[in-house]
Amino acid sequence: MLILSRKKGEAISIGKDIVIRVVGIEGDNVKLGIDAPKNMKILRTELYEEIIDENREAAKVTDDVLKDLGISFGK
Amino acid sequence: MIINTKRFGQIEINDGKIITFINGLMGFENLKKYALMDHPGTNFLKWLQSVEDPEVSLPVVNPTVFFPDYSPIISQNELEALKIEEPEQAVVLCVITVSHDVQKATVNLKAPIIINTDKRLADQVIAENHEYLVRQPLNLRKPSQRRCEGC
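Chains as they are written, first to last, in the working numbering: chain A, 1 to 75; chain R, 1 to 151.
The reader is advised that the hints may include incorrect statements.
[Stated by the list, open to error] In silico SDA-like cross-links for lysine to any residue, where the CA-CA straight-line distance does not exceed 20 Å:
1) Lys67(A) with Asn139(R)
2) Lys6(R) with Asp64(A)
3) Lys33(R) with Ile52(A)
4) Lys38(A) with Ala81(R)
5) Lys67(A) with His39(R)
6) Lys67(A) with Leu138(R)
7) Lys67(A) with Gln103(R)
8) Lys32(R) with Glu78(R)
9) Lys104(R) with Leu66(A)
10) Lys33(R) with Asn39(A)
11) Lys6(R) with Arg56(A)
12) Lys17(R) with Pro40(R)
13) Lys41(A) with Leu133(R)
14) Lys60(A) with Met37(R)
15) Lys46(R) with Val61(R)
16) Lys60(A) with Glu29(R)
17) Lys32(R) with Tyr48(A)
18) Lys38(A) with Ile22(R)
19) Lys60(A) with Asp38(R)
20) Lys46(R) with Asp64(A)
21) Lys8(A) with Lys31(A)
22) Lys67(A) with Ser99(R)
No lab work stands behind these hints, which were simulated from the structure alone.
Build the full structure now, drawing on both the sequences and the hints.
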């Protein structure tokens, strides 16, 4: 991982299309402003990783568990 | 076209029905083409079967079947990328996770899948609502545990 130090107001460029700026600092909390192409997903890393894990877990469902689905979801 | 799938064997898909996930699904970003299939014997469970990787298929549901008030707040950028201008153009599905115990099944309300059915474009997006979880319990009960027909 590349480590750079920035002060409030300073920014980091990633390639030609992405800019991350330190917009505010309050104690432990750093507020970041992000400029990036509209098609890029920007989200908190822990949320991204949680969704990745969940998608992969969902894809693993096995047939024996599925047999119960028709019954349990019956409304 | 005919594709091989791990879960359903060899199946026939109407090419015109293939959905293009513009960014893939999170965790499967390299796979962009999926077929949406019904689960035999149920009317609420569907499958997103990858056309490109036979091993990949995700169970999805219409979230309003379980959460009638579900109203995900989605960014304008993500809707524009799917060329969605009116809510009616969008179909919303959520991935369900049913690992071992069906009664512990959860649904991902935080990252719904939005499909523009006319253009066959889709994306998995983030609902800005704080109250929606990646693992929202469905709280299902087996029929024998229900006290009455209407429960």
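Proposed proximity, Ala81(R) with Lys38(A) (alpha carbon, max 20 Å): Measuring from Cα to Cα gives roughly 8 Å; hence the hint holds.
Satisfaction of hint between Tyr48(A) and Lys32(R), Cα-Cα up to 20 Å: holds (18 Å)
Need the status of pair Lys67(A), Ser99(R): alpha-carbon distance at most 20 Å? holds (13 Å)
Would the hint linking Lys33(R) and Ile52(A) be met if the CA-CA limit is 20 Å? Distance of about 18 Å is within 20 Å: holds.
Holds or violated: Lys6(R) to Arg56(A), with C-alpha atoms at most 20 Å apart: holds (15 Å)
Holds or violated: are the alpha carbons of Lys60(A) and Glu29(R) at most 20 Å from each other? holds (17 Å)
Would the pair Lys33(R) and Asn39(A) pass a check requiring their Cα atoms to be no farther apart than 20 Å? Distance ~18 Å between Lys33(R) and Asn39(A) Cα, so the pair holds.
With a cut-off of 20 Å on the C-alpha distance, tell me whether Lys67(A) and His39(R) pass. Holds, because 11 Å separates the two Cα atoms, which is no more than 20 Å.
Distance restraint between Lys8(A) and Lys31(A), which requires alpha-carbon spacing of 20 Å or less: Status holds; Cα separation ~9 Å.
Between the alpha carbons of Lys46(R) and Val61(R), is the straight-line distance 20 Å or under? Distance of about 6 Å is within 20 Å: holds.
Would you mind confirming whether the straight-line C-alpha gap from Lys41(A) to Leu133(R) stays at or under 20 Å? Status holds; Cα separation ~18 Å.
Keeping to a limit of 20 Å between CA atoms, is the pair of Lys38(A) and Ile22(R) held or broken? Distance ~12 Å between Lys38(A) and Ile22(R) Cα, so the pair holds.
Taken one by one, the earlier hints all hold for this structure without exception.
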